[in-house]
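Residue-level listing of the chains:
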Amino acid sequence: MTATEIKTDVLVIGGGGAGFRAVIGAREKGAEALLLSKGPLGRCGATPMAGADYTVDGKSLRELGFYGEPLDSQQTFFEDIVKQGFYLNNQKLLEQYVRTAPLRLKEFLDWGVVVARSEERAIYTTGIGMMDALLGQAKKMGARTLDDVMALDLLVQDGQIAGVLGLDVKSGQFIRFRAKAVVVATGGWHKAFWPNTGMRDLSGEGMAMAHRAGAELGNMEFITFCCNVLYGPPHVLGSIASYIFSLRCAGELTNGAGERFLGQYDPNLAYIGTHMEWNKCFISWATLQEVRKGKGSPKGGVYYGRGPVPWSEWERLVSPTFPNWKYKHIDLSAIVARIREGGTIEVGPAVEYFDGGIIIDEHFQTRVPGLFAAGECTLGPFGANRVCAATTEMMVHGAEAGQNAGAYALEQKTPAPDAAGFQELEQMASLPLTRTGGPAVAQVRRQVQEMAHRRLGPLRSEAELNLLLDFLQDVKANALPRLATASKSRRYNKEWMDALELANLTHLLETAALSALARTESRGVHYREDHPYTDNDQWLRESVARLNGGIQISSRPITVTSVTPPKGVKPYLEMLQELMEGHSAVGGHH
Amino acid sequence: MSQKMIAVKVFRQDPEAGTGPSFDTFAVPWQPGLSALDVLDYIYQNLDSTLAYYDHAGCALGICARCTGKINGKAGLLCQTLVEGDLVLEPTSAERVVKDLVVDRGGK
Numbered sequence: 001m002t003a004t005e006i007k008t009d010v011l012v013i014g015g016g017g018a019g020f021r022a023v024i025g026a027r028e029k030g031a032e033a034l035l036l037s038k039g040p041l042g043r044c045g046a047t048p049m050a051g052a053d054y055t056v057d058g059k060s061l062r063e064l065g066f067y068g069e070p071l072d073s074q075q076t077f078f079e080d081i082v083k084q085g086f087y088l089n090n091q092k093l094l095e096q097y098v099r100t101a102p103l104r105l106k107e108f109l110d111w112g113v114v115v116a117r118s119e120e121r122a123i124y125t126t127g128i129g130m131m132d133a134l135l136g137q138a139k140k141m142g143a144r145t146l147d148d149v150m151a152l153d154l155l156v157q158d159g160q161i162a163g164v165l166g167l168d169v170k171s172g173q174f175i176r177f178r179a180k181a182v183v184v185a186t187g188g189w190h191k192a193f194w195p196n197t198g199m200r201d202l203s204g205e206g207m208a209m210a211h212r213a214g215a216e217l218g219n220m221e222f223i224t225f226c227c228n229v230l231y232g233p234p235h236v237l238g239s240i241a242s243y244i245f246s247l248r249c250a251g252e253l254t255n256g257a258g259e260r261f262l263g264q265y266d267p268n269l270a271y272i273g274t275h276m277e278w279n280k281c282f283i284s285w286a287t288l289q290e291v292r293k294g295k296g297s298p299k300g301g302v303y304y305g306r307g308p309v310p311w312s313e314w315e316r317l318v319s320p321t322f323p324n325w326k327y328k329h330i331d332l333s334a335i336v337a338r339i340r341e342g343g344t345i346e347v348g349p350a351v352e353y354f355d356g357g358i359i360i361d362e363h364f365q366t367r368v369p370g371l372f373a374a375g376e377c378t379l380g381p382f383g384a385n386r387v388c389a390a391t392t393e394m395m396v397h398g399a400e401a402g403q404n405a406g407a408y409a410l411e412q413k414t415p416a417p418d419a420a421g422f423q424e425l426e427q428m429a430s431l432p433l434t435r436t437g438g439p440a441v442a443q444v445r446r447q448v449q450e451m452a453h454r455r456l457g458p459l460r461s462e463a464e465l466n467l468l469l470d471f472l473q474d475v476k477a478n479a480l481p482r483l484a485t486a487s488k489s490r491r492y493n494k495e496w497m498d499a500l501e502l503a504n505l506t507h508l509l510e511t512a513a514l515s516a517l518a519r520t521e522s523r524g525v526h527y528r529e530d531h532p533y534t535d536n537d538q539w540l541r542e543s544v545a546r547l548n549g550g551i552q553i554s555s556r557p558i559t560v561t562s563v564t565p566p567k568g569v570k571p572y573l574e575m576l577q578e579l580m581e582g583h584s585a586v587g588g589h590h
Numbered sequence: 591m592s593q594k595m596i597a598v599k600v601f602r603q604d605p606e607a608g609t610g611p612s613f614d615t616f617a618v619p620w621q622p623g624l625s626a627l628d629v630l631d632y633i634y635q636n637l638d639s640t641l642a643y644y645d646h647a648g649c650a651l652g653i654c655a656r657c658t659g660k661i662n663g664k665a666g667l668l669c670q671t672l673v674e675g676d677l678v679l680e681p682t683s684a685e686r687v688v689k690d691l692v693v694d695r696g697g698k
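Going down the list, the sequences are from chains A and B.
The opening position of the first sequence corresponds to residue 1 in the working numbering, with each subsequent residue numbered one higher.
The opening position of the second sequence corresponds to residue 591 in the working numbering, with each subsequent residue numbered one higher.
The hints are simulated quantities; they were obtained by calculation from the structure and are not laboratory data.
We treat Cβ as the ideally placed atom computed from N, Cα and C, and that holds for glycine.
Just so you know, not all the hints are guaranteed correct.
[To be verified] The calculated lysine-lysine pairs, modelled on DSS-like cross-linking and capped at a C-alpha distance of 30 Å, are:
#: 1; chain 1: B; residue 1: LYS660; chain 2: A; residue 2: LYS106
#: 2; chain 1: A; residue 1: LYS328; chain 2: B; residue 2: LYS660
#: 3; chain 1: A; residue 1: LYS326; chain 2: B; residue 2: LYS594
#: 4; chain 1: B; residue 1: LYS594; chain 2: A; residue 2: LYS488
#: 5; chain 1: A; residue 1: LYS59; chain 2: A; residue 2: LYS7
#: 6; chain 1: A; residue 1: LYS328; chain 2: B; residue 2: LYS664
#: 7; chain 1: A; residue 1: LYS299; chain 2: B; residue 2: LYS664
[As the list claims (entries may be wrong)] Partner residues are not named here, just some residues of chain B that face chain A (Cβ under 10 Å, in silico):
#: 8; residue: SER592
#: 9; residue: ALA607
#: 10; residue: PRO622
#: 11; residue: SER625
Chain B on its own, in the form it takes in the complex (with noise of 0.2 Å):
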């Protein structure tokens, strides 16, 4: 039983350790019906616990906006793009880089 593997490469930066902007890649097993979001869940539970996308508190179902990102150049959802082959997962906004995927959008 082989399973499909999708390479995932994703933007890097801590301002506060003044590390980054670079890339990482990372090897993830694939399957129908999978995420962007879930991809990063894969990641950060198993490849890379410093990886940062915003998960505290986000609503999986496409209304809070938050994990608005760049799949593969294009700005969606990563909790409602759905995978299907390799995959680079950049921030909406370089400049205001909290820190990896998460971007400060200005809250109240």
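Bound-form chain A, shown alone (with noise of 0.2 Å):
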């Protein structure tokens, strides 16, 4: 059998709106480029599913047309985005996120992205507008794509990057991939979770060959967990729908026991962290303090319901978000008829977003020559938490990280791979097919997802961690080497597909639990109940994971341009509620 090889310049890894934007960048310095898509071209990936917010400094966006807030700035923008990432923000690369935003929205109009309405720092249209426009634009360039194929790992050669191995998921046929750069913009790694908000694609496995590959990851340990997540019925499990009821109407969350309990902790905050997207980390957290004291929910979880406002008032708040009771094509109508019942719909916190990932430099670049990474795989410009908008960094990332690998591209002389690299690769990735017996991958996955969530949520400690971190040993020594498809078909087989899957997903939930576990301080989305202080004193660094036989933690200092982070140890609260009230006076949710 022959695999199949396609030749290009730039190979973008990724169907969402970075990898898009990258392979435009690409095209935009005459390099050949290629973009694999997992799945259904433009409708894959987290972008699709986004609201969508895009957050841009209030003065430039009133110089573009919209609300926006004219006395903002970009420095008081960047000032907010360190606070809101507990000054843990790799400085540089949140400059060129201040500093590029309004240009990319500005393409963006130009693509035909409509916006709906706009607020100090943010215009609101939505992902599927976003994608289609990337579409249309990436059509326009000449850039060539390829669906429904998964890109298993990368081909290092001579110290460089020299190809990516592909699975054309449909035939269950390799495909040999020649590049002379990749940019991985792969997303989040969702899937490692349940429940989760992710589309079903989000399996980090960009995130895991850059790691094999000898990139770094960074900040593993700093997790979004979106708060207010619907934990059912099935149909909506995980969506963020009733997250986004509580944006517009804070209504009323109660706990088991049928008590308010946000005031408790914090009434500021709780004002504060229930008005602008922040809430999510002190929601969460306060969410799951009460599951601790058994008053969670039989889900583990809390319930939403307007409390004291009025349905009328509900409805005038909340309804333009949600044309016929519907989010995208969901049908919302029995939770919202329970609301104006005066119920209570079962919520709680689910994996949304990775702050950290993939070690870039201000070019986007790994430390792989020719390996690039762009949007939500890298360590990104938020620090240990995300507040302002992804759909922005995957633009201000894709954009730049496309165009220097465009322009590396032109100027390497790759030696072509040889074969017998990617048919050491092509054998690993078909052992599953060639085993026999073996645990069900579907049983094991739900296993490490379901430990995943409760191990490695908003609430950790070295004990739990340290269950997490034995139980993925016996995964990775007892089940991940004897897993087994049913079928040995190639044709769509979807447990083959999992089993590869599932060994990514395991290797970024261990970094992430050994980085949580050196990190013995609470910032942002990370909170260790055994070190329950922020300690600017010790860890204003980042953490570092690298693969050298076993992975391997360290840390580095951040990376600081213009403002200096505070000094001293402070219980984690207090040090969100300086947080909080040291944010700028410009309002909206950002």
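Put the two chains together into one complex, using the hints given.
In structure tokens:
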């Protein structure tokens, strides 16, 4: 069997917004560029499901003709994001985010994105609208695309990127890609957790393969859990629709004992923390405190209702976001009826965004020559807690990562990859098809996902992280090497794909758990019950995970440009309150 | 506590292995708010892991349309069709079956 071979200058892995902006960027430099989309073109990755906001400083937004805030500035916006990120932000990457966000919005408008409304620091549109604009522009720029192709591994030769092994998921045949530069834009790894808020494809293979190829992963312990996510019924499990309800109308959150609980932690936080997207961090934390006290709902969450807010007021605030009470095409009418009648719905934290990821420099390059990364899969600009838009991140990253990869590829004389290198990767990837017996892939995955949700959630401790790590060691030693598909046919073999994904998910979980164990403080979305202080003396550092036989965790100082972080050690909630109070007077949700 | 069970009849065909077309029937526990896609997830995870349906990158939000299938004879989105009782699930086009419920939609 001869595998298909495809040659390009720049190969972009990932069919969400960052990937599309990157493939356009590579074409802008005149390089040949090909994008691999794991699922349907323009309809996979996290972008299409985004609400979606796009954040820019208020002054630039006003200058572009939107509501904005003329008293805002890029520096004020920058400083607010540093506070939201608990000072852990890479300030160089953040400067790039703030500086280029208006340019990327302007081009988005030129490419056909329609703005529904705007506020101080954000415009609101739809994720689908963004993807359609990017699809159109990519086509216009002559970018090639392949859909239903999953990237399996990177091929590094003579210390540089030489190719990528892909899998055509429909036929089950391998594709060998020869490329001078690769941009990884595979988004998050939501599939490692259950429940989760992501699309079905987000399994972090780009991060795992970059790690195997020699890139570093950083700040992997910072995992944002969205609060107030629907915990049922099955067809909406993990939907953030109820979070959006709570953002439009805070209503009332009650625990399993029927008590309003947010105020007891801090009335100020309860107010600010429910009126800004900062609430994800605070409410997820408070919800799990209730669960820890035995006051959670049966599924480990709490309850959302409109409380004392009259139905007419709730409807006025919430309904404009949900035409016909639909979120995308999900019918929410039964859930809304319950709220109208004064009832409550069961909600709780679920994994939503990964603040850490592949370590890149300000050129979006990793330490592997020719390997670039963009978007959520990177260690980006948000530090310990993201409040501003990831859709802005995908655009500002994608554009420059793609352009830099394009420029790099045009200068390189990359040797043709050895067939032997591909053959070895193909053999490894085929193992689940050749084995028999072994544990059921889906069952192992569900155990891993539930364990991750329980032990690597918003509240962590040494004891629980060690339980998770022991469990993962057991999976690595006893389950992964034995995973076998029941069907040996290569065509759309779901179980084969799941087996390949599970190895990546387990690896990322282990990296994150080890990073969380090493960080003996509480900051942003990482809260250690056994270290409930933000330690600005010891821990204004980024975690760094290298793969060298095993996973090695170390740390490095944060990158500071204009905002000097504070010193001292503070209780977590005190630090959170100080940061929220230090936010500028610019209004809106960011 | 006896949970209501539904009978789910699913189209099967693997052109590569030369098996099918045929139908398999599975008994699946029912609860309110269960979609046809949830039913397939249950079968794949608990009863028959050789079953193919478009799952590796679907949206489950009703926007990507890759899970389009025939549900009790009517075309619809598996992820947005709530199940009330016994079920027959088929691909929309018998000629373009990749495997079971996965159909080649002529990607770009």
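Results of checking the hints against the structure:
no., hint, result
1, B:LYS660 to A:LYS106, "violated (43 Å)"
2, A:LYS328 to B:LYS660, "holds (21 Å)"
3, A:LYS326 to B:LYS594, "holds (28 Å)"
4, B:LYS594 to A:LYS488, "violated (34 Å)"
5, A:LYS59 to A:LYS7, "violated (44 Å)"
6, A:LYS328 to B:LYS664, "holds (22 Å)"
7, A:LYS299 to B:LYS664, "violated (34 Å)"
8, SER592, "violated (19 Å)"
9, ALA607, "holds (5 Å)"
10, PRO622, "holds (6 Å)"
11, SER625, "holds (4 Å)"
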